[in-house]
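A.B. asks: First to last, the protein sequences are chains U and E. Its first residue numbered 19, the first sequence is counted upward by one per residue in the working numbering. Its first residue numbered 892, the second sequence is counted upward by one per residue in the working numbering.
Think of the hints as simulated: they come from the structure by calculation, not from any bench. Note that the structure is a prediction, hence the values are computed from the model and not measured. Mixed in with the good hints there might be a few duds.
Claimed, not checked - Here are the simulated distance ranges between beta carbons:
| id | chain 1 | residue 1 | chain 2 | residue 2 | range |
| --- | --- | --- | --- | --- | --- |
| 1 | U | Asp202 | E | Lys1025 | 39 to 45 Å |
| 2 | U | Trp140 | E | Leu1374 | 19 to 25 Å |
| 3 | E | Ala1261 | U | Leu130 | 46 to 52 Å |
| 4 | U | Lys200 | E | Glu1218 | 36 to 42 Å |
| 5 | E | Thr1091 | U | Lys100 | 21 to 27 Å |
| 6 | E | Ser938 | U | Glu223 | 41 to 47 Å |
| 7 | E | Lys1307 | U | Glu211 | 51 to 57 Å |
| 8 | U | Lys100 | E | Glu1218 | 44 to 50 Å |
| 9 | E | Ile1192 | U | Lys100 | 39 to 45 Å |
Claimed, not checked - Examples of chain U residues lying across from chain E (beta carbon under 8 Å, computed):
| id | residue |
| --- | --- |
| 10 | Leu87 |
| 11 | Leu130 |
| 12 | Phe143 |
| 13 | Phe148 |
| 14 | Leu166 |
Cβ atoms here follow ideal geometry from the backbone N, Cα and C, with glycine treated the same way.
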Amino acid sequence: MAVADYFPLPAKYLPRALQPAPNRHLAADGSPLHGLLAEFDTAPGVYHAAEHVRDAGFTAWDLHSPFPLHGVEDAMGFKRTKLPIAVGVIALTGAGLGYLMQWWMSAVAYRLPVQGKPFGAWEPFTPITFEIGVLSAAFTALIGMLALNGLPRFHHPLYKHEHFLASSDDKFFIYIETRDPKFDRAAVQKLFEQSGAARIDEVTEG
Amino acid sequence: MSSIHPDKVIAEQLAGIGSVPAADPGDDGSLIDDPAVRAPLVLNNRSFGDVTNIVCGYAENPPGKWWLPTLLLAAATAGIGMAMIGYLLITGVGVWGLNNQVNWAWDITNFVFWIGIGHAGTLISAILCLFKQKWRTAVNRSAEAMTIFAVMCAGIFPAIHVGRIWFIWMVFPVPNANAIWPNFRSPLLWDVFAVSTYATVSFLFWYMGMIPDLATLRDRADRRLRRSRALGEALRIPDMVRAYVFGLLSLGWRFSSRHWHRYEVAYLILAGISTPLVLSVHSIVSFDFATSVVPGWHTTIFPPYFVAGAIFGGFAMVLLLLIPARELFANFKDFLTLRHLENMAKILLVTGMMVGFAYGMEFFIAWYSASEPELYVFLFNRAIPDWLHPDGAPYWWAYWSMIFCNVVSPQVFWWKRNRRDPRVIWAVALLVTIGMWFERFVIIVTSLHRAWLPAEWHMFFPTPVDILTFAGSCGIFLTLFLLFLRFLPVFPIAEVKAVLPQASPHHHGHEAHNNHNEEHGTPGGQSAGGHAPPRHHPDTPGGGH
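Construct the entire structure; sequences and hints are all you get.
C.D. replies: Listed below in structure tokens is the structure:
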């Protein structure tokens, strides 16, 4: 995911070396091509088409479905996300900081005698330590998921096509981007046709 | 391009076109007793498009004549409640019926009542998700919404009961000029953290689950706007609002499988952490009582007993709200089937028996502990009526209402006929809701009104402010729930689609066959129904490999 996708304006002013490579692929109307979009009618259809695309060795491609397709990780051949590790680390950090906060406030900063118990006893700190750990985990799960997905992102070339809106209803799509090193206009078209695509569209940039 | 506005199509669909009335109203086809046959989770062979149209239709079309008057009534009640809270804040907690002996009464009763109701949503979302109970899709969204609204109602009471409301910020560890910090040994402070964490995590869970469905609403509004533009019609303002608001809230979700993958992992993590969370929250609420030395409160059974009671009361509230919704919204019954209701009736029976066991065990321990004040509380503050014994409980009716509502009434669910009759389930759910309120009242008021020194004994009588504040909290809850039913996706659209049979990538229905041009050893085939393996189909273009 290129930075330029999120910040299209500043990318223009970057040094030439950092600017994204110019797009060699052109759509039928001559404008720069962002990718090719194939539409499928059924879940098994798109699932098997994804297996073809995976086997053809594409990397910059995606499958859009109205609901999470069961087993799509295998059909697309991508690895399990590292999100759980981030959540675990931040949850433990949060819990540790929460414990430290309670200990410092009770045993160092404001030693309030309660029932003659030791100021730094760990037992009464357990519930709040747990709650802060859970709170950190929950925020990390949501924000981490969005960050890894590159969201929020309020525009995408795909949405230029009205029929792509059916991806949230009952249609399935496979999209191969031109930035894929293996992208070849004619070969991708043929791959889609062979996989049983119901319709194929060019998606232009911008 | 068709000139028929898509809204019109949906309106026709909602009017019942394409809906199949059940031949036998007592059995909608979901009540299959054969364990070898999976009961359908969605009835009438709905397609993906049907699911989108029906669920989005609820959020896009006026819901019927009943909605506005009900909303106005609920909002008026909420307004009265707000006025009572305002009166309390400018006058003091003396406007309630509290006295020197009973210094917690309806306020904390209402708090525990609402927070208990707030537990069903996360239970359904988290625990049923971990156990892979697919029927949760019928109720999880509305139960999660209910959770958030109930926790909001719950949060009001501890905040306003403190008396000097301008010191409420001191429950948070905020640096201050006096250099003092909260007392982390107090269960009341644990409660602050538990309830605020619970409210936050429940909200994140609810919101995250809604992101794809909000994107669906966004896309539909967007499509209508595009069609109107193409036809040169005026743009409809509601759709412009939807496109902007849902567009912002759905964060640009574009249904990418790479996104879905991380989304599902994140959802599972949230379910995994919410499960201990939901158990911890009501345990901590019960610590408010259990860590004290008041007879009737100081018991180790409280945490599991409170958690079971919360699930019990929460499911009752889910049923109380959704059974009418099932009748009032067209096609609602396709998603919330009789089997779903039966499952929930069984949960009511089980958790009702659990709280019944706890009620009995409290008596046993009171006797077995040989603690005289403890046994006195159970016998003479609660169970034995004052017309049977001179020392008997003036609040006997509260105790026995609780027993009748919570222990006796769910017993009707031993009979299959009752478990499958929405009217019976609704009546029991109503009784359970009342009973769970009485449970908290019994725990709090009957323990306090006669503790330790007889010279201090005092009855509690609610004032109109007490009653109207509670009614107001019900109004707030109902107002929010009605707004939710009207404007947000009531069912998890994406999740419902995912449990439809045609959602399986290995589904081999008639239409699916046309796209099968490959015989592939795919892992984890779901179709246990003995379908024939996929074969090369002669009709498909270019099936060569």
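A.B. asks: For every hint, state whether the structure bears it out.
C.D. replies: Results for each hint:
no.: 1; hint: Asp202(U) with Lys1025(E): 39 to 45 Å; result: holds, 42 Å
no.: 2; hint: Trp140(U) with Leu1374(E): 19 to 25 Å; result: violated, 44 Å
no.: 3; hint: Ala1261(E) with Leu130(U): 46 to 52 Å; result: violated, 35 Å
no.: 4; hint: Lys200(U) with Glu1218(E): 36 to 42 Å; result: violated, 56 Å
no.: 5; hint: Thr1091(E) with Lys100(U): 21 to 27 Å; result: holds, 24 Å
no.: 6; hint: Ser938(E) with Glu223(U): 41 to 47 Å; result: violated, 34 Å
no.: 7; hint: Lys1307(E) with Glu211(U): 51 to 57 Å; result: holds, 55 Å
no.: 8; hint: Lys100(U) with Glu1218(E): 44 to 50 Å; result: holds, 47 Å
no.: 9; hint: Ile1192(E) with Lys100(U): 39 to 45 Å; result: holds, 42 Å
no.: 10; hint: Leu87; result: holds, 6 Å
no.: 11; hint: Leu130; result: holds, 6 Å
no.: 12; hint: Phe143; result: holds, 6 Å
no.: 13; hint: Phe148; result: holds, 6 Å
no.: 14; hint: Leu166; result: holds, 5 Å
When the structure is compared with the earlier hints, violations turn up for hints 2, 3, 4 and 6 and for no others.
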